[in-house]
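Chemist: Chain order of the listed sequences is A and B. Using this note's numbering, you'd call the opening residue of the first sequence number 1 and step up by one each time. Using this note's numbering, you'd call the opening residue of the second sequence number 1001 and step up by one each time.
Among the hints, erroneous ones may be present.
[Said to hold, decoys possible] To list a few chain B residues with every Cβ distance to chain A over 10 Å, as calculated:
| # | residue |
| --- | --- |
| 1 | S1035 |
| 2 | L1086 |
| 3 | R1088 |
| 4 | N1095 |
| 5 | P1129 |
| 6 | V1203 |
| 7 | F1224 |
| 8 | G1245 |
| 9 | Y1263 |
| 10 | S1264 |
| 11 | Y1278 |
[What the hints assert, rightly or not] Stretch-level coverage of chain B by chain A, calculated; a stretch enters the list once three of its residues show a Cβ under 8 Å from a Cβ in chain A:
| # | region |
| --- | --- |
| 12 | 1050-1063 |
| 13 | 1251-1257 |
| 14 | 1266-1276 |
[What the hints assert, rightly or not] A short list of chain A residues far from chain B (calculated; beta carbon distances all over 10 Å):
| # | residue |
| --- | --- |
| 15 | P103 |
| 16 | S142 |
| 17 | E256 |
Since the hints were derived computationally from the structure, they do not count as laboratory data. The beta-carbon is built from N, C-alpha and C at its ideal position, and this holds for glycine as well.
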Amino acid sequence: MTGMLDSGTRLTVETGEEVQVVDMLGAGGQGEVYRVKTSAGEKALKWYYPTCATPEQEGIVRELVSRDFDDDRFLWPEAYVPWHHGSFGYLMGLRPDRFKGLPALFRRQLRTSTRALLTACLYTVEAYQALHSRGIAYRDISWGNVFFDPDTGDILVCDNDNAVVEGDASGISGTMEFMAPELVRAEPGARPGTQSDLHSLAVLLFMFLMNHHPLKGRRELAIHCLDEAAERKLYGKNPLFVFDPADDSNEPDPMEHATVLATWDASAGALQELFRRSFTAGLHDPAVRVRESEWRDALRAVRDAVVECASCGRQNMTEPGEPQPQASRPCWGCGALLVLPPRLTVTTPPPRTERHIRLPRAARVQAHHLEAEPARHDYSDASLVAELVEHPSKPGRFGIANRSSRTWAGTRSDGTSQQIGPGQTVPLRAGLELDLGDGSRAVVRAK
Amino acid sequence: MTALVRRWATLAESIQGTGKRQNQDWYAFSGTGSSADPLVLAVADGHGSAAHARSALGARFAVDRFVALATEFGRAADACHEPGGLARLMNYARNDMPRALVQSWREAALGHWARHRPVADLGLPEPGPDEKLTLYGTTLIGAVVTPWLLTAWQIGDGDLAVVGHDGSVERPLAPAEDDLGDETESLCGPQAWRSVRTHWAPVFEEARIPRLVVLSTDGLSKSFASGDGFTEFVGDMDERLATEGFEGVRDALPDWLRHASRYSGDDTTLTAALLHSYAARPQPKPDTEAGAEPDAVPDAEPDSTPGTDPGTEPEPKKKTKET
Chain A
1 MTGMLDSGTR LTVETGEEVQ VVDMLGAGGQ GEVYRVKTSA GEKALKWYYP TCATPEQEGI
61 VRELVSRDFD DDRFLWPEAY VPWHHGSFGY LMGLRPDRFK GLPALFRRQL RTSTRALLTA
121 CLYTVEAYQA LHSRGIAYRD ISWGNVFFDP DTGDILVCDN DNAVVEGDAS GISGTMEFMA
181 PELVRAEPGA RPGTQSDLHS LAVLLFMFLM NHHPLKGRRE LAIHCLDEAA ERKLYGKNPL
241 FVFDPADDSN EPDPMEHATV LATWDASAGA LQELFRRSFT AGLHDPAVRV RESEWRDALR
301 AVRDAVVECA SCGRQNMTEP GEPQPQASRP CWGCGALLVL PPRLTVTTPP PRTERHIRLP
361 RAARVQAHHL EAEPARHDYS DASLVAELVE HPSKPGRFGI ANRSSRTWAG TRSDGTSQQI
421 GPGQTVPLRA GLELDLGDGS RAVVRAK
Chain B
1001 MTALVRRWAT LAESIQGTGK RQNQDWYAFS GTGSSADPLV LAVADGHGSA AHARSALGAR
1061 FAVDRFVALA TEFGRAADAC HEPGGLARLM NYARNDMPRA LVQSWREAAL GHWARHRPVA
1121 DLGLPEPGPD EKLTLYGTTL IGAVVTPWLL TAWQIGDGDL AVVGHDGSVE RPLAPAEDDL
1181 GDETESLCGP QAWRSVRTHW APVFEEARIP RLVVLSTDGL SKSFASGDGF TEFVGDMDER
1241 LATEGFEGVR DALPDWLRHA SRYSGDDTTL TAALLHSYAA RPQPKPDTEA GAEPDAVPDA
1301 EPDSTPGTDP GTEPEPKKKT KET
């Protein structure tokens, strides 16, 4: 592929190390990415287009490199590569193949699941929260920067070369689609920062779950190629949510926007409510935007309430927590009414918080379920505490297997008790109470 | 047909498939490659079966709508040099242009249906939009070239090849896996924009501008015995351009496509743009017969002869603009 750098080109990193270009991996909006050989193995080299290789950009990259940010959710600039033939760049880790982009999701080129998407959203929220807690505003949250594993929901945030220390007035880049309306309107005093990131984050989450942009309804259809004035109106001057409860003039077009009509119907009310706030009041008042902690709480609760359709097996969101009178909803795939499996209510140690986990086949309890304020959620096997298993010789009978290293104390509804050691299973019965240790308790409920 | 332009020379040809009642391919090229007048190339291949009875028109609508949208895109690119502008342009190319293209094509096809409704005469019920659009089903490959940007889009089969400044031949829009049999993705498919593939390639150094861009319908690639046949064909074509010059290739192209069409049995269409500075420096090779095919073309027996009367060549399907 023809790019700015030929295969075999040797470049000297600021640290003095020499790296060699292997091949080009892709071209983006600011530059090209190459695979390079280094003494520490293969790395990725971002190389800026000459028009983007500005002193300001160089300053941002140098600052980010110096921060030495160590977080496995980000491909962070690791080393600055000085000017060569009119441009410069930086080294970062290579993105593993398992991480895929959102465009592939939108094009239905990936097989994923509702749980994996909710996990990816939760991990994305936590990743940006970690950044913001360090005083760094990302400024360029968009679907081009976030990659996810369609099987596990693990995420990787790439192209982190526009993140700056909060309050830094460096110019912004990117598309209007993810920019906060006050930035699109270029209001005096409006600067990209954590508040504007919250808008971008809400757009990104909407796109993850609804596969569509929240402001692209009927009005979008009238916009011609790169009509900046029209885009400013759509995203800045007069933004209107496609599901605005008070104004349907930008509602989805049934033919052009069929996807979002279907995905919105399939999503949980708890998330719909946060999206409504983000894209109605939150469009005009940055102070009421949905905070990361709110997204985190809603996403983990909805994820714990995902159930499989008994008819077609597809994963469906249901309302988290106590069952609602109108709880029965149809499967988004086949239309059959969903049957809610039993629910495990976990109470954490003080400050006591309840987690409601639906117990479909292979349901899992993770270590973060037992913490009131987990620093980070983790749905991998490494943090597995318990899982629902089927009796090996009695199909249809289930039990809760202890996958932790502690012995649990169980009390049945008739008052009898039993110890459940690591690796042992206790039959699933309504009313079963479990002492999971360290002040964590759980109780099984029929509904 | 050829048109020498300020920066790019373009050529195109379309051959009706053997035994076909109608050529269901369409093509167009326009522009000079300047900022104000971007070079646009497009080919489309109407599906052609009874289910797609109006696909020749569908192919024409696809090409015409693409030329309009891509010209607009190419002109807008001129104002997008600043960092944020580039990202915005790329986002448009990858995400918005496919939707705009599909929407525009649907509008053209449904508009045509509204003006030509056989059901009204036959007293049949009005079909749904999807059923109507199926009649016009087609593929499309299109490219736009400005002084600093090559962007291309493709839905369905067919081929785009780009010969780099160093002579390397790439097929940047080739799918990871070829479609099976005659099944292909189509502009008439549900949410067809999802199937549009995009190639984005800014070029900031004059010396690194690709020297040849070739678009063809699958009538050409299907004629080769091996999967690499099309790539080899383009490599040979590039070599001929260097050794025999533009005129030689232009004169021989109809015969190459005719041969290919005989092998594939399909309509065969090719349009190409070559960097004028490269094509205008032919280095004649006396032992090569003008009009002979590149090695990769099937049927190695050349039946064209030097000095073939251009007037006897098939009429080109369409040329948007003489330059």
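Chemist: Of the hints given before, which are not true for this structure?
Modeler: When the structure is compared with the hints, numbers 2, 3, 4, 5, 6, 12, 13, 14, 15, 16 and 17 turn out to be violated.
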